[in-house]
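One letter stands for each residue in the lines below.
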Amino acid sequence: MKTHLKALRSEAGLTQADLAGKLGVSRQAVIAIESDKHDPSLDLAYRIAAVFDLPVEAIFENPHRTG
Amino acid sequence: MKTLKPVTEYTIGFAAWMVAYVAAVFFAGYYFRGMTPLGLPQAPLLYAVALLPSIPIGGTILVFLRFMDRSDEYMRAIMTRRFIVATGVTLFISTAWGFVKNYTEMPGSGLDYTYMIFWISFAIISPFVRDSKVRTA
Chain R
205 MKTHLKALRS EAGLTQADLA GKLGVSRQAV IAIESDKHDP SLDLAYRIAA VFDLPVEAIF
265 ENPHRTG
Chain P
6 MKTLKPVTEY TIGFAAWMVA YVAAVFFAGY YFRGMTPLGL PQAPLLYAVA LLPSIPIGGT
66 ILVFLRFMDR SDEYMRAIMT RRFIVATGVT LFISTAWGFV KNYTEMPGSG LDYTYMIFWI
126 SFAIISPFVR DSKVRTA
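Heads up: the protein sequence lines correspond to chains R and P, in order. Mapping of the first sequence onto this note's numbering: residues 205 to 271, in sequence order. Mapping of the second sequence onto this note's numbering: residues 6 to 142, in sequence order.
Bear in mind the hints are in silico, worked out from the structure with no lab data behind them.
The calculated label-pair distances, taken between Cβ atoms and stated as ranges, are:
| hint | chain 1 | residue 1 | chain 2 | residue 2 | range |
| --- | --- | --- | --- | --- | --- |
| 1 | P | THR13 | R | ASP240 | 24 to 32 Å |
| 2 | R | GLY228 | P | SER131 | 21 to 29 Å |
| 3 | R | MET205 | P | ALA53 | 50 to 58 Å |
| 4 | R | GLY225 | P | ASP136 | 22 to 30 Å |
| 5 | P | ILE89 | R | ASP240 | 20 to 28 Å |
Facing chain R, a subset of chain P residues (Cβ under 7 Å, in silico):
| hint | residue |
| --- | --- |
| 6 | ASP77 |
| 7 | TYR79 |
| 8 | ASP136 |
| 9 | SER137 |
| 10 | LYS138 |
A virtual CB, placed ideally from N, CA and C, is assigned to each residue, including glycine.
Please build the complete structure, drawing on both the sequences and the hints.
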């Protein structure tokens with residue numbers, strides 16, 4: 205799943221460890237999501253969206269939506 | 006009371022069970038040589054002492070399963086995948102060992118080494134299983 209998480213995190217001035225702390229997950233989990241090795245659960249995707257105050261689809265592109 | 010981090014709890018739990026394992030192995034060894042206050046080995050105690058070293062092995066498996074349960078979703082997903090792959094490798098090696106033993110002069114039952122084979126398999130496959138996604142097509 206294509207994600208803009210890395211860019212958003214950098215813009216927000218957060219390190220991977222900072223974001224992991226805000227989300228309550230390991231730094232490895234943040235690294236895996238940013239490098240497309242892990243698709244987050246819906247709950248984690250909502251938590252990420254809440255941190256950046258954005259809708260989920262602004263962070264993770266919906267691969268099933270056309271147009 | 007402060008809760009330990011999953012990895013800290015795992016490290017402490019695993020180390021404690023390993024200490025118990027070493028103690029059990031030594032105790033069983035001395036018992037079967039008749040060198041404990043329990044005297045010479047005889048049933049049913051003989052079977053209980055023979056089983057003793059396997060109890061900490063069960064403990065380490067419970068510690069690992071709890072570690073998986075307490076980890077975040079990514080760690081849980083990759084640990085589960087590694088556990089499944091390592092189990093498959095262990096089943097394959099143990100079965101192959103059994104067949105080779107049946108048809109050749111190869112010593113040992115292979116069963117004694119199952120646990121060790123599992124963890125060696127786990128260590129070898131871990132660097133290759135770092136992706137929680139099942140990629141299709």
